[in-house]
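K.L.:
All chains, please: the whole structure from these sequences, using the hints.
Each protein sequence line maps, in turn, to chains U and B.
If you count the first sequence from 1, position 292 lands on 1427 in the working numbering, and the numbers rise without skipping.
If you count the second sequence from 1, position 187 lands on 1322 in the working numbering, and the numbers rise without skipping.
These aren't lab readings, by the way, just hints derived from the structure by calculation.
All of these numbers come straight from a predicted model, not from anything done at the bench.
Check before you lean on any hint, since a few could be wrong.
A pair holds if it fits inside one copy or across any two, identical chains being indistinguishable in the list.
[What the hints assert, rightly or not] Below, computed lysine to aspartate or glutamate pairings styled on DMTMM-like, alpha-carbon distance capped at 25 Å:
| id | residue 1 | residue 2 |
| --- | --- | --- |
| 1 | K1198 | E1289 |
| 2 | K1162 | E1289 |
| 3 | K1378 | D1161 |
| 4 | K1242 | D1194 |
| 5 | K1159 | E1254 |
| 6 | K1378 | E1289 |
| 7 | K1242 | D1429 |
| 8 | K1294 | D1163 |
Residues per chain are reported as follows:
Protein chains: 2
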Amino acid sequence: MKKQSETRPGRGSLLIIGGGEDRKHDKDILARFVELSGGADRKLVVLTAASTVPQEEWDIYDKAFGELSVARRSPLHVATREQANDPAVVRALDDADGIFMSGGDQKRLLGIVGGTLIETAMHAALDGRGACIAGTSAGASAMTAHMLADSDVELGPEKGAVSLGAGFAFLLHVVVDQHFVQRHRLARLLTAVAQNPRLKGIGIDEDTALLVQHGVGVEVLGAGNVTLLDGRHIVSNIDDIRKGLTPEMIDVRLHLLPSGSRYLLCKPEDKAGASHIADGQPVPVPAPLREFFDNIV
Amino acid sequence: MKKQSETRPGRGSLLIIGGGEDRKHDKDILARFVELSGGADRKLVVLTAASTVPQEEWDIYDKAFGELSVARRSPLHVATREQANDPAVVRALDDADGIFMSGGDQKRLLGIVGGTLIETAMHAALDGRGACIAGTSAGASAMTAHMLADSDVELGPEKGAVSLGAGFAFLLHVVVDQHFVQRHRLARLLTAVAQNPRLKGIGIDEDTALLVQHGVGVEVLGAGNVTLLDGRHIVSNIDDIRKGLTPEMIDVRLHLLPSGSRYLLCKPEDKAGASHIADGQPVPVPAPLREFFDNIV
Chain U
1136 MKKQSETRPG RGSLLIIGGG EDRKHDKDIL ARFVELSGGA DRKLVVLTAA
1186 STVPQEEWDI YDKAFGELSV ARRSPLHVAT REQANDPAVV RALDDADGIF
1236 MSGGDQKRLL GIVGGTLIET AMHAALDGRG ACIAGTSAGA SAMTAHMLAD
1286 SDVELGPEKG AVSLGAGFAF LLHVVVDQHF VQRHRLARLL TAVAQNPRLK
1336 GIGIDEDTAL LVQHGVGVEV LGAGNVTLLD GRHIVSNIDD IRKGLTPEMI
1386 DVRLHLLPSG SRYLLCKPED KAGASHIADG QPVPVPAPLR EFFDNIV
Chain B
1136 MKKQSETRPG RGSLLIIGGG EDRKHDKDIL ARFVELSGGA DRKLVVLTAA
1186 STVPQEEWDI YDKAFGELSV ARRSPLHVAT REQANDPAVV RALDDADGIF
1236 MSGGDQKRLL GIVGGTLIET AMHAALDGRG ACIAGTSAGA SAMTAHMLAD
1286 SDVELGPEKG AVSLGAGFAF LLHVVVDQHF VQRHRLARLL TAVAQNPRLK
1336 GIGIDEDTAL LVQHGVGVEV LGAGNVTLLD GRHIVSNIDD IRKGLTPEMI
1386 DVRLHLLPSG SRYLLCKPED KAGASHIADG QPVPVPAPLR EFFDNIV
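P.N.:
Shown next, in the form of structure tokens:
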């Protein structure tokens, strides 16, 4: 694990994980989460509300973060909106340096936590205290303002087959899909982009994460790839076809970022604090990638 | 089945089928092949050389074309280059109006037929007599000059994981992949495009066909979609990474054409004869699609 500065930026970072991150061996992604949270001596909280088996989720992360020498680790189990609005419960987040949202169902997560004191506390942690917010699988999809909620896409894109819900809005102007290549979700993400090309699509493979640091840049880590779909130039007939049919889609811009890709996207003077993007020679940013992340990072 | 003019164009059409076309029920694609060949009274030949079970292949198409009322149908079984160069064998193609290449292995097909009198006769049928050449699965991949031959791509694109062979060159400047969405071949086609973006990628789903009529246009038919990958604008690090690693790929242009898409791409005066593209109101051609097919159709 590369040593990072402990200087905290004004705004924290988002670690968006495509599900199935390694929890038993190298734990690359979880170790980076610990680092992004400020190190193993910081306080980490695992929010299990997306899952119907929260204790099992916690058992996994309790063991993994224990093996990463994080002493101050705790679960935040909330099963009702009452709990999510209980100041005594929410207090657990007040000094959290890292908040990790488990997998499960993003609709369940938002149904319980959306608009509650827990959501407010997470935004405060991210924006005010430079905490790291991580989410895996459902926790990854929940990070965006427009959240991929339901879909019955099968082989090809289908008009009306993807519905969006309201997520936590840590990230704007995008839709995140996870387990991307493993569950063959290109058609689903293309559908979301075709339905409103204002939203750009981010597909994250399993055991892979996209690190987004607002005002700084992005980095891909883990074992797989991140696929980006930019539909802003699209020519499509989606408005002229019936629900359930496949729209024609001309000129979707696809970018594939393998693990290790990292881009400092903003000028140094834009930086609010230290960069959490991996060090190295500065990499020139190709224009289509800069345009993709323009209103995102 | 829509009635087509029997006027034959100077150059025939290519029906590139993604494998698994329906042979038992509506037989949409096979019926269109009959139509493109001039109708059920014309002579159709099924070239089975890609398959190690040629008689089984023929049994399937014998039944299917029989049900489509094609009386003059025959198999062309060739298992050796000697047979493929035997004028008595090749004579079967001399007055064929439609030639259908079965599935199997495109390397086997080219190994037996490549550079033989059979290949010469197929080019003569297409270019000189306006015959239709169809190919499904391996037969589809074999149609291009640079043919997708081998690959061990798994989840993501991998440098060096796709190798090309020499195909029949009925179609230039492209690589065709088949069973596209069913066998999750986006990564493989992306790899081929990244390795040399001069080649554009055409991915055809099962029970789906791309009809290409040189000098006229293209049409998609069947049950699925055709995915087009244009890598000419790509920014990639593929030349700087080791074999087996995933290249970064920025700005691949993706076009998805569902069944029913059809474009007249060339000016009427370019047409050598009748159009085999489905009738209807002329459809404006989006610029990125025109550019994709620029040196292909």
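K.L.:
Output the numbers, in ascending order, of every earlier hint that fails for this structure.
P.N.:
Checked against the structure, the hints that fail are numbers 1, 5 and 7, while the rest are satisfied.
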